[in-house]
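Visitor: Residue numbers (this note's numbering), protein chains in the order written: chain A, 18 to 381; chain B, 4 to 129.
Source of the hints: derived by calculation from the structure; they are not laboratory data.
Hints are supplied without guarantee of correctness; some may be wrong.
[As the list claims (entries may be wrong)] Cut-off 20 Å, straight-line C-alpha distance, at most; resulting in silico cross-link-like pairs (EDC-like, lysine to aspartate or glutamate): (1) A:Lys30 x B:Asp67; (2) A:Lys364 x B:Glu45; (3) A:Lys364 x B:Asp67; (4) A:Lys363 x B:Glu45; (5) A:Lys35 x B:Asp128.
Here the structure is a predicted model, which is why all the values come from computation and not from measurement.
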Amino acid sequence: MEVQKTALYEYHKSLGAKFVPFAGFQMPVQYTSGIVEEHKITRSKAGLFDVSHMGQLFIEDNPDLEKLLEKIIPIDLKNIKLNQSKYSFLTNESGGIYDDLIVTKVKKGFNIILNAACKENDYKMIKDALGGKFKLILNKDLSLIALQGPKAAEILESVIKGVSSLKFMNGDDFSYNENKIYITRSGYTGEDGFEISLSNKIVESLAKILVSGGAQPIGLGARDTLRLEAGLCLYGHDINETTTPIEANLKWAISKRRREEGGFLGYNKIKSNINGELSRLRVGIKPLGKIIAREGTKIFSQDKNEIGLITSGTFGPSVNGSIAMGYVKCDFTKPGTKILLEVRGKKHEASIAELPFYKKNYVR
Amino acid sequence: MNEVKFSKEHEWIKLDGDTATIGITKHAAEMLGDIVFVELPENGSSVEKNGNAGVVESTKAASDIYTPVSGQITECNQSIVDDPSKINSDPENQAWFFKLNIKDKSEMNSLMNKEEYDKFTKENDS
């Protein structure tokens, strides 16, 4: 498959980005200042992220749409307001997570943001589930950029009036240079911020204005350390087709009505998980020593029985230490529980930690 | 005979009498990105040419450090354990990794000089 580039590729290049292939795209992993500095700038000022590799799906409204969509997404579409966003998933028959996504109700239907690596399969799956009479567009002419950090609102407000009055997980139509753009107050860094969906033709112009207004371009490297400090899952690592939302500790993302009524793929498994038939749970893990427990690291109890596996691990620049997430057997999920991590053949001490590692500053 | 030599694994080595000082090159530090932890060999331990002699952890990945020559470790640089960011800021000077008592000076012969190393990294970049 040919490597794809986002509309901002040349701009990233001009800023000295180092690129990595990610989900079929050449994406900036970092710029010249490096991951740690980029991470800290996002936490202290504002970072600008190109996330145009992600899928932007639009489904046009139709009287049967909510009912059919609820069969594949365990979301409460009866209780979603206009311009409200909700985090949810596509599930499979065994209750696993086919993808995680953000659904936003817009005037003419729903916008759904999908993971880059999953978007083509998601599109097929959703199209099949809905049948032929729905209009679905997986937009290729739209870019998606995220402006994140304590200065994000101030910087964006000076370019686009009114955005700072948006509440967390809410969006609206705005205009930029007479083009219609859609902005939500959301992100994946644990910071206040915005995600801006706009035409490929004008994205570079807006990106440059935001950078001149004080935002710094941030690569995927810092995006990963930021989201892990915020305790957020990365699809394909912390969650996948074999992990249920309940095992992944994401029960909060399934509304009460959907938990009780079901009616979506894999509900039997998820219901039995909710009723206590649960063998493992995603937890935060804090290694004590100077080691990083990366994905695949085995987790042991203090009496050396294997009890789980690390799914993400890195160095958290804002917590100034090693952090990780993983799945452990349910007897070991209490924060403070001492465990052992096997790194390079040696067992290292660690403990179960509360998530997030870094406390959020969302505007509600 | 104080010429700095370089290995294909991106270590530099400087020989002073029988004592060799070893670190990683600026090129290696740039490739690794921000280094956050470092593990050094034990003082007094013996290491073999091209054998494992430590680990650096960057935000991106863990990478093994190899010794370009055999010998016995005589000193480790605790200051880079305390502040690994020194490896990014001054890799070929202050942020040396360890010193060893060289076993066989002829092992130096197969290593590259500065010019050869620069050429080697350029070829591998493109």
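Visitor: Determine for every hint whether it applies to the structure shown.
Guide: So, going through the hints one by one against the coordinates:
| no. | hint | verdict |
| --- | --- | --- |
| 1 | A:Lys30 x B:Asp67 | violated (30 Å) |
| 2 | A:Lys364 x B:Glu45 | holds (18 Å) |
| 3 | A:Lys364 x B:Asp67 | holds (18 Å) |
| 4 | A:Lys363 x B:Glu45 | holds (15 Å) |
| 5 | A:Lys35 x B:Asp128 | holds (13 Å) |
Checked against the numbered hints given earlier, the structure breaks only hint 1 and satisfies all the rest.
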